[in-house]
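Novice: Got chain A sorted already, so can you dock chain B onto it with the hints?
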Amino acid sequence: MVIEEAVNGRDDMLIDGQMADQDLPSGFNPNFLKLYYAKLFPYGDIFRWMSYGNDGKHPACDKSYFSRRELSFTLENDIYLRFLSFNSVSELEKGIREKCPFKIDIGPVYSVDPAKRHAYAQSGENVFKPVERELIFDIDITDYDDVRYCCSGADVCLDCWPLMTAAIRVINTALRDDFGFRHILWVYSGRRGVHCWVCDGKARRLTNEQRAAIADYFRVYKGSENSKKKVSLTGHALHPFLVRSYTEVLKDLFEQTLLSSQQIFSTEDKCEKVLEMIPDESVSAELRGRWQKRSSGSKDNINAVRWEHLKHTLQSGRHKGQGLRRCVEEIVFSFSYPRLDMEVSKHMNHLLKAPFCVHPKTGRVCVPIDPAHCHEFDPTTVPTLSQLLQELNSGGMGQEGDNDWDRTSLGESVRFFRSSFLEPLLKSCKEEMESAYNSKLQQSKNSMTW
Amino acid sequence: MEKLVAELWKANMRHPQASELMSKDIISHFVLRLVYCRTEDLRKWFLSMETALFRYRFRLQSAEAQRAVLAEFQLPYKAVTAAEFEAIKDKLTLVARSINQTLPAADSIFYEVPFQEVPELVAGRRVFLSDGYAYVAMNQVVSLVATRFRSLLSKALTLTNRKWMSTIREQEKDRLTPIVEALSTSYVGPDYSVGREFGEVSLKDIDNVAKNSFSLCMRHLFDKGVGLKLDDAVAFWKAEFSQKVGAERFDKEYAYSIRHNYGKEGKRVDYTPYSCQKIISLTPSVGDHHGCPYRHFR
Numbered sequence: 000m001v002i003e004e005a006v007n008g009r010d011d012m013l014i015d016g017q018m019a020d021q022d023l024p025s026g027f028n029p030n031f032l033k034l035y036y037a038k039l040f041p042y043g044d045i046f047r048w049m050s051y052g053n054d055g056k057h058p059a060c061d062k063s064y065f066s067r068r069e070l071s072f073t074l075e076n077d078i079y080l081r082f083l084s085f086n087s088v089s090e091l092e093k094g095i096r097e098k099c100p101f102k103i104d105i106g107p108v109y110s111v112d113p114a115k116r117h118a119y120a121q122s123g124e125n126v127f128k129p130v131e132r133e134l135i136f137d138i139d140i141t142d143y144d145d146v147r148y149c150c151s152g153a154d155v156c157l158d159c160w161p162l163m164t165a166a167i168r169v170i171n172t173a174l175r176d177d178f179g180f181r182h183i184l185w186v187y188s189g190r191r192g193v194h195c196w197v198c199d200g201k202a203r204r205l206t207n208e209q210r211a212a213i214a215d216y217f218r219v220y221k222g223s224e225n226s227k228k229k230v231s232l233t234g235h236a237l238h239p240f241l242v243r244s245y246t247e248v249l250k251d252l253f254e255q256t257l258l259s260s261q262q263i264f265s266t267e268d269k270c271e272k273v274l275e276m277i278p279d280e281s282v283s284a285e286l287r288g289r290w291q292k293r294s295s296g297s298k299d300n301i302n303a304v305r306w307e308h309l310k311h312t313l314q315s316g317r318h319k320g321q322g323l324r325r326c327v328e329e330i331v332f333s334f335s336y337p338r339l340d341m342e343v344s345k346h347m348n349h350l351l352k353a354p355f356c357v358h359p360k361t362g363r364v365c366v367p368i369d370p371a372h373c374h375e376f377d378p379t380t381v382p383t384l385s386q387l388l389q390e391l392n393s394g395g396m397g398q399e400g401d402n403d404w405d406r407t408s409l410g411e412s413v414r415f416f417r418s419s420f421l422e423p424l425l426k427s428c429k430e431e432m433e434s435a436y437n438s439k440l441q442q443s444k445n446s447m448t449w
Numbered sequence: 000m001e002k003l004v005a006e007l008w009k010a011n012m013r014h015p016q017a018s019e020l021m022s023k024d025i026i027s028h029f030v031l032r033l034v035y036c037r038t039e040d041l042r043k044w045f046l047s048m049e050t051a052l053f054r055y056r057f058r059l060q061s062a063e064a065q066r067a068v069l070a071e072f073q074l075p076y077k078a079v080t081a082a083e084f085e086a087i088k089d090k091l092t093l094v095a096r097s098i099n100q101t102l103p104a105a106d107s108i109f110y111e112v113p114f115q116e117v118p119e120l121v122a123g124r125r126v127f128l129s130d131g132y133a134y135v136a137m138n139q140v141v142s143l144v145a146t147r148f149r150s151l152l153s154k155a156l157t158l159t160n161r162k163w164m165s166t167i168r169e170q171e172k173d174r175l176t177p178i179v180e181a182l183s184t185s186y187v188g189p190d191y192s193v194g195r196e197f198g199e200v201s202l203k204d205i206d207n208v209a210k211n212s213f214s215l216c217m218r219h220l221f222d223k224g225v226g227l228k229l230d231d232a233v234a235f236w237k238a239e240f241s242q243k244v245g246a247e248r249f250d251k252e253y254a255y256s257i258r259h260n261y262g263k264e265g266k267r268v269d270y271t272p273y274s275c276q277k278i279i280s281l282t283p284s285v286g287d288h289h290g291c292p293y294r295h296f297r
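Protein chains in written order, with numbering that gives the first Met the number 0: chain A, 0 to 449; chain B, 0 to 297.
One chain only, chain B, in its complex shape:
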């Protein structure tokens, strides 16, 4: 996965300025929110894909950065005290051994979390449970954060959809709306795989490109794949949507991304649209719908 992601990013997302890179990444996410907010199925798929991406990125953060994100997401999970740890240490060890993980050491950090918050860990018997609490290892914390991320994104999508339906769709009927609506019904486009040059496309041309169809699975990265000029992308997004979303929420939900992309922690990872084959072969650890929608979509 890492290698694939690195190649794809290098091919499509490079930009001399780090801040531009971050903008492109963030902007494309919000554009995709717009396209994918409109039906239950689209939302479900987008949530799945985006959460998988989030998980992947979060894992690459340092322990410090991860802890900071936890706090930022306001996950009020209690770290287990040394005394509490001693009392359940043998059980924690059993769990670790049962899932072939590293054994808890004296300085291991565990979080005590209501079991409802970590359904995946519970389902896989990957945590010790006692009296309604799950004892989550630091390396499992990804699950916690991803669940919160997904939940925040899900609420945002619902809000986006509401706003789209109530005002934006009408307001934009001559500009954005045809593009957005065409994108959801369009069909397979060219193969946006590694190494292809991409022509520059301006806002005016998007109509045509959209009509020529985009692959369903490519749509979530259409912005990057098509190589929309950054200025246009900013205008496209900012004018219509970023005001409504608000800078705060933007920051909050993208805290991890901002830190990550500034290269302050973790290693910088490149992203590109996945090719059809790659998506089909991907087996992420989570999500009802993943990989190639043609293969998995009902």
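In isolation and in its complexed conformation, chain A is listed as follows:
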């Protein structure tokens, strides 16, 4: 199909979404998606990534590795195809272009080709099971709905997006400094959140129990309808990880950004919400009384002023309640600490959307985010499907070839993906593979007796 036809619309292809170009800025429709898969989706990069070096010529390469990886497709009419697998990059491309999935998910690498799993079901010894899977995280801004006032539900804006930025910084630093992981990919989920893929061999081989432990290490917020105080930091001190997160990221986020962008103390209801987090009634009563008077301070910095009141009261030492020790931090954490979807991280067989998919509701591409510059990332300017196709169109039909994406805004993302993530990862995989191979060789040499 030629681009002009998709944009202008041929009669027999007129569907609701056809006028999407004018009606919705996102421009998501199956025809556009078809073009995207024909010209822009980076099959080669995804294939090389998923192969983890096994697509090479080295004798240690496992030729079956890529074909044991599960993928799933969600089709236009919500039909869900699971346990798909492909033997090569060309099969992968063919499969995606044929089915034109609205969403592609990546699952684990299994012990055997998932498409052939039934052949092994009889032996009853659990032969079909996941053997490798990236350590993954999913952070969705709707999980913060009780503490963000600018938007709710599916919306996201520049006032609340800093919560995602903070989450990336806190988690990324811990993954590197505490856990020693090196090959970490952060991806925009396309609408209202971020995904994280930790791809070190060490991470891929983690058991479910270890994944759960890491997720629990990161867990601070224990939200539920019933409890008023969702963050409880007991103990005489904070764990070094929490101290670092607080001092390097969260304190400033709360005081410099959230206080004003979310207007945390601007109404009585909102104030009450914070006061409920204070376990000492006499303290909250004192503050409530003070704020009801509303004597001093202009409306402008009411949030900052009230926050100072609160901190001062809690940290003054006048009140010696048990639960007050870490109350200031608890409040800050409640509003800003990352809220992970625990279930996603805990199980090897959990699927996660592939990078470079297009989000059907927004038309935006799931592009990588650079954690070192995540404060500059703007979800409202992420390339959309129609935008990309326009760019492709205007770039002229001249140079066909592998690098069509380079003529579009997607180029920047693909290049970043390669240089920051893929190349270092593959280099490391190669080294690991060679060294493991060499030491095996050495071992067998040593054990040979004549």
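Everything labelled a hint here was simulated from the structure, so no lab data went into it. It is possible that some hints are incorrect.
[To be verified] In silico DSS-like pairs for lysine-lysine, Cα to Cα no more than 27 Å straight-line:
hint	chain 1	residue 1	chain 2	residue 2
1	A	Lys128	B	Lys43
2	A	Lys221	B	Lys90
3	A	Lys128	B	Lys162
4	B	Lys77	A	Lys439
5	A	Lys201	A	Lys62
6	A	Lys201	B	Lys43
7	A	Lys250	B	Lys90
8	A	Lys250	B	Lys88
[Unchecked claim] A short, non-exhaustive set of chain B residues, derived as facing chain A with CB atoms under 10 Å:
hint	residue
9	Leu93
10	Val94
11	Arg96
12	Ile98
13	Asn99
14	Val117
15	Pro118
16	Leu120
17	Val121
18	Phe127
19	Leu128
20	Ser129
21	Gly131
22	Tyr132
The C-beta atom is built at its ideal place from N, Cα and C for all residues, glycine as well.
Specialist: Structure of chain B alone, referenced to chain A:
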């Protein structure tokens, strides 16, 4: 927990000879392996219970004994040098304070352990982590050893099950097999709580007793509760299984128990079957399935 365990042990496990006591303890463990190896659920439950028991016993060992066990379990964990300690001391102190533990002193021993080995400590933020290593205090070492214990036991159970399925079950179809299989489907028996006298039961009678049912939660201590005569128990076990397991592994996996029961270190602790109420009220620190299976089992 200590008091409960002491009472129960005193009531059911006493024997004039220390070595007999140890045998009874060890034999009952291996019998339970046989009964509990057969399905995923049974194995999971047994692993949970037995690991909790192990933890409890290990904690009572002296520091010397614990170090010896660590070495024996071949946990190649590096003790942190004085210089390394100085560099991270403030972080270790923060961690200790955050979990209300005693603060590390100059002579405190810490082990540097890959974080994968101590998932529980990581999950609870009870260790300082740096570059993939957890810094584990001596008193936390229990977790390390318990994980290794659990893993060894888990492998043994799988092996036991395989052997059971491939040869023993058939071989023993007229003797052990009906007992073992009845035990997994049977139901509540009498309350084997403290102070009850128990009649002697010989091997022949086990069939009947088994048919009259054992409580699911009592099964892991059925041997002690029923008061199987020691000689019979030895015959029962040795003839069928101990050969296959082998003396070495027996020793290795029970090193702690042997030391402990000979009273060479730690204090001798008594054990008895837990009564239903006690199990229900127990809240061990670890394990997916614990306490009363009727309450927690899915």
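Novice: Look at each hint and say if it fits the structure.
Specialist: Here is what the structure says about each hint:
1. A:Lys128 - B:Lys43: holds (18 Å)
2. A:Lys221 - B:Lys90: Holds - the C-alpha atoms of B:Lys90 and A:Lys221 are around 25 Å apart, at most 27 Å.
3. A:Lys128 - B:Lys162: Distance of about 23 Å is within 27 Å: holds.
4. B:Lys77 - A:Lys439: Judged against 27 Å, a Cα distance of about 25 Å means the pair holds.
5. A:Lys201 - A:Lys62: holds (21 Å)
6. A:Lys201 - B:Lys43: Holds, because 26 Å separates the two Cα atoms, which is no more than 27 Å.
7. A:Lys250 - B:Lys90: holds (20 Å)
8. A:Lys250 - B:Lys88: holds (25 Å)
9. Leu93: holds (5 Å)
10. Val94: holds (6 Å)
11. Arg96: holds (4 Å)
12. Ile98: holds (6 Å)
13. Asn99: holds (6 Å)
14. Val117: holds (8 Å)
15. Pro118: Cβ of B:Pro118 sits 4 Å from chain A, so the hint holds.
16. Leu120: Hint holds; B:Leu120 Cβ to chain A Cβ min 8 Å, cut 10 Å.
17. Val121: Check passed: Cβ of B:Val121 comes within 4 Å of chain A, closer than 10 Å.
18. Phe127: holds (6 Å)
19. Leu128: Check passed: Cβ of B:Leu128 comes within 4 Å of chain A, closer than 10 Å.
20. Ser129: holds (7 Å)
21. Gly131: holds (3 Å)
22. Tyr132: holds (7 Å)
Violated hints are absent here; each numbered hint is respected by the structure.
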